[in-house]
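Q: Listed below, chain by chain, are the residues.
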Amino acid sequence: MNFYHSVTLDIKKCKGCTNCIKGCPTEAIRVRNGKAFIMQEKCIDCGECIRICPNQAKFAVTDDIEKLKSYKFTVALPAPSFYAQFKEGTSKEAINAALRVLGFNEVYEVPLAAEEVTAAIREYIKKNRDIRPLISSSCPAVVRLIRVRFPGLIRNIVPVKAPVEIAAKRAKEILSRLYGLDNRDIGAFFISPCPAKVTSVKQPLGTSESYVDGVLSMGRVYAEVLKNIGKGKHQSIFGSAGGLGVRWGRAGGENEALEFGNRLSVDGIHDCIEVLEEVELGRLSDIDYLELQACSGGCVGGVLAPENRFIAGVRLKKLAEKLGSETGIDEASVKEDFKEGYYFFEEEIKPVPAMKLDEDMAKAIKKMELLERIQKELPGLDCGSCGSPNCRALAEDIVQGRANETDCVFKLREKVRQLVEEVMELSQKLPPTMEG
Amino acid sequence: MKLKKIKEILRAEVLTGDDGALEVEVTNACGADLISDILADTKKNAVLLTGLTHRQIIQTASMSEFAAIVFVRGKCPAGDVIEMARENGLPLLRTEFPLYESCGRLYEAGLKGDFEDSKGLKERQSEEEKIAGTMRLVYEVCGGDFNMAGKATEQAKKVLKQLGVNPSAMRRASIVAYEAEMNIVIHAYKGKLIFDITPSLIEITAEDEGPGIEDIELAMQEGFSTAPERIREMGFGAGMGLPNMKKFSDEFEITSVVGKGTKVKMKIFL
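Going line by line, the protein sequences match chains V and D.
Heads up, the first sequence is in the working numbering, so the first residue is 404 and it goes up one at a time.
Heads up, the second sequence is in the working numbering, so the first residue is 998 and it goes up one at a time.
So that you can see chain V by itself, here it is in the shape it has in the complex:
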């Protein structure tokens, strides 16, 4: 299977330091031959390594704004967090108008779709009572994390599409109805705070094809929009989001909008892992809905979001309060569409067994025995100098033929010492022909 990833290594900038391998939540990175490399099947595009790398050698591949030119009609899909990037008092309308100046024909606010999705999730929680906790599918890095590290919890994921997908779907439906536009002529571009969203468009989970045509880096678009704030006017044919949808841009916002059931919200990938471990032990069955955000602070903390996550978080909250809890969404029609299956995934999410030692379990058991023996002989310092994140990972790499025992600097030192001892011993020996 081929994996598309937005998170990419700039090999020229990589110095082969071991910062990223230790921070990676799925142990997907190794340093070999002086450079980092990402193991495709384990990477979940969470962007932790982009944050950690001191040399800016990791980056997220996004689409170029030039791509707008390939479509007759373009729609901008700004994430809720986008509206928190600008100084307080900047209205959604002003930001949308600046997007028009940039070349978009229309703007469909993703927070508006988030309001619709909120209602759909509420319906789902009410109708499905046998699995608890249900886990939000909105953070694509979390969904991929579950697929790789917690395959037993795939059944807990709410199979409702993310707001950006619904935004693109709605926008295209309305445009083809009003203007008779063909879907192929409409380019829907998401303005994204994170690389995981890029991946979820290029290689979607739960659906065969995304309704989104391109993903732009929030940071890049921000720079352009900033220049054009106050310019232009825009009267959208689409609706406008209220405070509930905007809240989705920060951690806990999804739960606030949901206003139903016993909810828990956790942000930051390592905290997400901690709570998923507990769910796996059957410990959170009294929670109805679990909102998990891979980025600390939620989407405002995404690696492509330019503003500091705390500042953006406060702004988002204020904007949401100002907009109030009015919603342009008709709950009754959402319920109708829900029954029709409008919001659901079209495909099952399949586990990625990237943690498996072998396809054949008998072989995996043998490998595991060897792994444990090797691990016992390693120093257990988890220093990372070997290029693997910790001693156990090195033992795994040795078993899988990806590394050698002497990659461990301590083992190498031991070997050298033994060699020296042998040389010393030999140097004492004289051929019988020589005098002693």
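Read the hints as simulated data drawn from the structure, not as lab findings.
Just so it is clear, the structure is predicted and the values come from calculations on it, not from any experiment.
Beta carbons are placed, not taken as given, at the ideal position from N, Cα and C, and that holds for glycine.
Among the hints, erroneous ones may be present.
[As the list claims (entries may be wrong)] DSS-like mimics (lysine-lysine), calculated; alpha carbons at most 27 angstroms apart, straight line:
| id | chain 1 | residue 1 | chain 2 | residue 2 |
| --- | --- | --- | --- | --- |
| 1 | V | 779 | V | 814 |
| 2 | D | 1262 | V | 753 |
| 3 | V | 779 | D | 1187 |
| 4 | V | 490 | V | 605 |
| 5 | D | 1257 | V | 425 |
| 6 | V | 759 | D | 1148 |
| 7 | D | 1260 | D | 1189 |
| 8 | D | 1072 | V | 832 |
| 9 | D | 1262 | V | 766 |
| 10 | V | 766 | D | 1041 |
| 11 | D | 1109 | V | 766 |
[Stated by the list, open to error] Short derived list, chain V residues pointing at chain D, Cβ under 10 angstroms:
| id | residue |
| --- | --- |
| 12 | 556 |
| 13 | 655 |
| 14 | 659 |
| 15 | 684 |
| 16 | 686 |
| 17 | 690 |
| 18 | 767 |
| 19 | 802 |
| 20 | 808 |
| 21 | 821 |
[Stated by the list, open to error] Pair ranges (Cβ atoms, derived):
| id | chain 1 | residue 1 | chain 2 | residue 2 | range |
| --- | --- | --- | --- | --- | --- |
| 22 | V | 812 | D | 1101 | 56 to 66 angstroms |
| 23 | D | 1145 | V | 529 | 36 to 46 angstroms |
| 24 | D | 1042 | V | 606 | 45 to 55 angstroms |
| 25 | V | 835 | D | 1137 | 33 to 43 angstroms |
| 26 | D | 1255 | V | 529 | 13 to 23 angstroms |
Since chain V is already given, all that's left is putting chain D on it; use the hints.
A: Frame of chain V, contents of chain D only:
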């Protein structure tokens, strides 16, 4: 063919192994430079020909029950590796011939594999292998230590995932093991949590030294608990532990002696 004969054919030097060891009868051989291929080899009474000389090769060969190792291409392992083989009673030989020629010479001399005529046998053998391949994980659990509670299950979970246990069995095993571990922490002085894993099942045994259970039938009822108030305040002791263990496992067995301890055995089929 005796190991002695192999030594002659390959003009090999003996690195470790006495005359007695060279009398061993070898009926098959495996030539490989990849650990995973060597691990996958299921031949009996075979000699391993390889160019790998690190410590893992000794561990791998012992685990796969090879009769001896012949290092090819004149490769020689370090002193500590030879020492390790000596401790394991694994004879080591060394030849100047490369892998291909070493294999060829042995084949010519009559040491032929049984790949063609043993395909059926091989399948049966690998079935046997599957039953034989068991992995055991043992964790000590300390009674009353709530800070460490759950750690054993957490570690075992990692291993189960790496072994490729299917998601549903994985989930059930996690739940029953955690409940069993918590029972030891809550009720016993100390105990052990043991996982025996084979390709067809996971057997989890929780054995403790503790007060034991007076009335097992009563203890198995949902909602019944003898946990003291302070433990209930922590959210444990809801009386669902044993019923959950029974519910999520395929086979459940409990024995207890009052004043001595309790043993729970659970099976989850894969």
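Q: A separate judgement is required for each hint: does it hold in the structure or not?
A: Consistency of the hints with the structure:
Taken as a hint, the residue 779 (chain V) and residue 814 (chain V) pair is honoured in the structure, with Cα atoms around 12 angstroms apart against an allowance of 27 angstroms. Distance restraint check for residue 1262 (chain D) and residue 753 (chain V): the Cα-Cα separation of roughly 32 angstroms exceeds the 27 angstroms cut-off, and the hinted pair is therefore not satisfied. A distance of roughly 25 angstroms separates the Cα atoms of residue 779 (chain V) and residue 1187 (chain D); the hinted pair therefore holds under the 27 angstroms criterion. Distance restraint check for residue 490 (chain V) and residue 605 (chain V): the Cα-Cα separation of roughly 32 angstroms exceeds the 27 angstroms cut-off, and the hinted pair is therefore not satisfied.
Annotation: proposed proximity of residue 1257 (chain D) to residue 425 (chain V) is violated, straight-line Cα distance about 45 angstroms (limit 27 angstroms). Between residue 759 (chain V) and residue 1148 (chain D) the CA atoms are separated by roughly 21 angstroms; this keeps the pair inside 27 angstroms, and the hint holds. Between residue 1260 (chain D) and residue 1189 (chain D) the alpha-carbon distance is near 10 angstroms, which keeps this suggested pair within the 27 angstroms criterion. Pair hint residue 1072 (chain D) plus residue 832 (chain V) holds up; C-alpha atoms about 24 angstroms apart against a cutoff of 27 angstroms.
Between the alpha carbons of residue 1262 (chain D) and residue 766 (chain V) the distance comes to roughly 26 angstroms, so the proposed pair stays at or under 27 angstroms and holds. Using a Cα cut-off of 27 angstroms, the hinted pair residue 766 (chain V) and residue 1041 (chain D) holds, with the two alpha carbons roughly 17 angstroms apart. A distance of roughly 25 angstroms separates the Cα atoms of residue 1109 (chain D) and residue 766 (chain V); the hinted pair therefore holds under the 27 angstroms criterion. Against a cut-off of 10 angstroms between C-beta atoms, the interface hint on residue 556 (chain V) holds, since the closest Cβ of chain D lies about 8 angstroms away.
Hint on residue 655 (chain V) is violated. Least Cβ distance to chain D is approximately 23 angstroms, over the 10 angstroms limit. Because the closest C-beta pair between residue 659 (chain V) and chain D is about 26 angstroms apart, greater than 10 angstroms, the hint is violated. Using the Cβ-Cβ criterion of 10 angstroms, the hint placing residue 684 (chain V) at the interface with chain D is satisfied: the shortest such distance is roughly 4 angstroms. Satisfaction of the interface hint for residue 686 (chain V) is found here, the shortest Cβ-Cβ separation to chain D being roughly 8 angstroms, below the 10 angstroms cut-off.
Hint status for residue 690 (chain V): violated, given a least beta-carbon distance of 13 angstroms to chain D, over 10 angstroms. For residue 767 (chain V), the suggested interface contact is upheld, since its CB lies about 5 angstroms from the closest CB of chain D, less than 10 angstroms. Hint on residue 802 (chain V) holds. Least Cβ distance to chain D is approximately 7 angstroms, under the 10 angstroms limit. The closest approach between the C-beta of residue 808 (chain V) and any C-beta of chain D is roughly 5 angstroms, which is under the 10 angstroms cut-off, so the hint is satisfied.
Against a cut-off of 10 angstroms between C-beta atoms, the interface hint on residue 821 (chain V) holds, since the closest Cβ of chain D lies about 6 angstroms away. About 40 angstroms separates the C-beta atoms of residue 812 (chain V) and residue 1101 (chain D), a value inconsistent with the hinted range of 56 to 66 angstroms. Taken as a hint, the range 36 to 46 angstroms holds for the pair residue 1145 (chain D) and residue 529 (chain V), whose Cβ atoms sit roughly 39 angstroms apart. For residue 1042 (chain D) paired with residue 606 (chain V), a C-beta distance near 49 angstroms keeps the hint of 45 to 55 angstroms intact.
The supplied range of 33 to 43 angstroms is broken by residue 835 (chain V) and residue 1137 (chain D), whose beta-carbon atoms lie about 58 angstroms from each other. Separated by about 47 angstroms at the C-beta atoms, residue 1255 (chain D) and residue 529 (chain V) break the suggested range of 13 to 23 angstroms.
The structure fails hints 2, 4, 5, 13, 14, 17, 22, 25 and 26 (numbered hints given earlier, in ascending order).
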